[in-house]
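> Based on the hints, put chain B in the right spot on chain A.
Listed in order, the protein sequences are those of chains A and B.
Those letters in the first sequence? Residues 229 to 586, per my numbering, in order.
Those letters in the second sequence? Residues 3 to 262, per my numbering, in order.
Everything labelled a hint here was simulated from the structure, so no lab data went into it.
All values reported here derive from a predicted model rather than from experimental measurement.
Keep in mind that a hint or two might mislead.
Stated by the list, open to error - Computed list of lysine to aspartate or glutamate pairs in DMTMM-like fashion (alpha-carbon distance at most 25 Å, straight line): (1) Lys13(B) to Glu474(A); (2) Lys71(B) to Glu474(A); (3) Lys71(B) to Glu153(B); (4) Lys13(B) to Asp66(B); (5) Lys71(B) to Glu53(B); (6) Lys13(B) to Asp68(B).
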Amino acid sequence: MTLARCDDIATADPPDRAAAARRLSLWLGLALLATMTASLATGAAGASLWAALGDLAQGRPLSRMDETILWSIRLPRTLMGALVGAALATSGAVMQGLFRNPLADPGLVGVSAGAGLGAISAIVLGGALPAGAMALAGAHLVPLAAFAGSWATTLLLYRVSTRGGRTSVATMLLAGIALAALAMALSGLMIHAADDQQLRDLTFWQLGSLAGATWGKLLASAPIILLALMGAPFLARGLNALALGEAAAGHLGVPVQRVKNLAVLSVAAATGAAVAVSGGIGFVGIVVPHLLRLASGPDHRMLLPNAALLGASLLLGADMISRTIIAPAELPIGIVTAILGAPVFLWILLRRRMVVDL
Amino acid sequence: MTFTGRDIGVKLGRSTILHGVDFSAQAGQLTAIVGPNGSGKSTLLRALCGEVARSGRVAINRRDVDHLKGWELAGMRAVLPQAATLAFPFTVIEVIRLGLTAGASAGRDRLPLRALDAVGLAGYGGRFYQELSGGEQQRVQLARVLTQVWEPVAHGAPRWLLLDEPVSSLDIGHQLMVMQLLRAYAARGGGVIAVMHDLNLTAMYADAVTMVHRGRIAATGAPAEVLTDATLSRAYGCTLRVNCAPQQGGTWLLPHAATL
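So here's chain A without its partners, still in its complex pose:
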């Protein structure tokens, strides 16, 4: 009898987590549609999405108030929240695959800190720029500087940890920690030089917020983020093989160096663009991929698109909390994601200590 049971097990196919992941992506897509609708419908001001839609359906023009709130404030904010959430979560998943470490994250290897340094420098030193340069950059100065910071950090990181066309993951992680520390120290220096108004700007930006969303910022960041997201599926097979180690991935025929280059590029682009428009929003890039690996396994072919969907939904959810919980004032969204994300992350670590090889 025991033997028969063993035979049953031997011939049964193992559960197919790929099918579960595909079903999950359907639900995540529906969830994103729901959160986007909810995000359009909620806000401190009393504009009703449903009333406005009713007006539109009957061919009546929107009131000036509704048009401003829905079209100029909530819609760009909702779209930007979805994009930034997708960018942060996908960047986290790609970076973790690249480093073969579930704790790796653009925040960890200094890419976000570099972007932050750029933005803070722009806020504090921006007034000292010659009037001509100021006029040229205008409102885009902070986003541009943040973007430049993330690129510079990534390039420096790459330069330090790459020898003879090969990147050592260990060196890259350690260099990232040093770069993050350096960027934060320099940011601290900047903060000492700031005046009171700048300090308030800085705090809000450092903690992260979607409050500054405009169509202009959205159009500036969307193409970069979408390009990076569309590049991610091409990385999936390579990142799967990379889980075995660089040498083993190479033996499987994976062009390891090309995969690594593309991964670094897409992470820098997505993170830079996201940080530029919304500041430092933590934990999305670590928590989202972790939750998805628990639900449907670490296969990057489904992990990357699912991370984009779940990251977008979660960030929109957090943003709704941030702008309603102390309305009419607004809580920086980074505080919400940290309060929700940090305990989840610790819980994951406790539960999966045995399985996640740190």
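Okay, now just chain B, sitting in the frame of chain A:
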């Protein structure tokens, strides 16, 4: 068809690990690379599969590997690392399916399950890789490697298994099972090159043996020609005598006496 290395030199930092050695393995045979700790036997295998920077030439089926693309090589040979850790909670079957990444065996869905069966782990497909014992993990990796080059001969050319101590973490029963599996692969026309620690298993299963000592080839040939008292004693730094039962009795055990 052969797998050859000509004048292979490897330097790590300032020390020379391999001093321009020649190596050759025949398809249809199991070729063992043996030698004491630190002799350079693993480095020789890593040089042959392109994991370390080297001087000299490596050719697989008479084609220079430096002129082959990564995906072409992946269809001609698979490499088993000595120890493999995994960063993420993949299941056993997911690890083995990574062997399908290489083009040649791609799209053959049942292959991973057959490979799992071949290494004696049928029914383990849904288990988490990280929850297995070291010996089980080693056999899962072997199944992945087998999946990559499942048919020993493809398009009229032999394929190759390059294995770094494939039985080092296994118990004696599974050691014999895996060695017989490798023999069968060679018997069907494939080439097997294995770094071996166990000299008894080498004597039992290898068709050819290359002994490495201090970064040079100490001897090469059939097991009986290489595993001699003089060569072994010189390489391993202690007096060794082959085919010699213990004089003072006691319990002793040889894999030769086992039946599967």
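> Hint by hint, say whether it matches the structure.
Hint check:
1. Lys13(B) to Glu474(A): holds (20 Å)
2. Lys71(B) to Glu474(A): holds (16 Å)
3. Lys71(B) to Glu153(B): Satisfied, since the Cα-Cα distance of roughly 20 Å is no more than 25 Å.
4. Lys13(B) to Asp66(B): Holds. Lys13(B) to Asp66(B) sits at ~21 Å (cutoff 25 Å).
5. Lys71(B) to Glu53(B): holds (15 Å)
6. Lys13(B) to Asp68(B): Cα-Cα ~18 Å, so holds.
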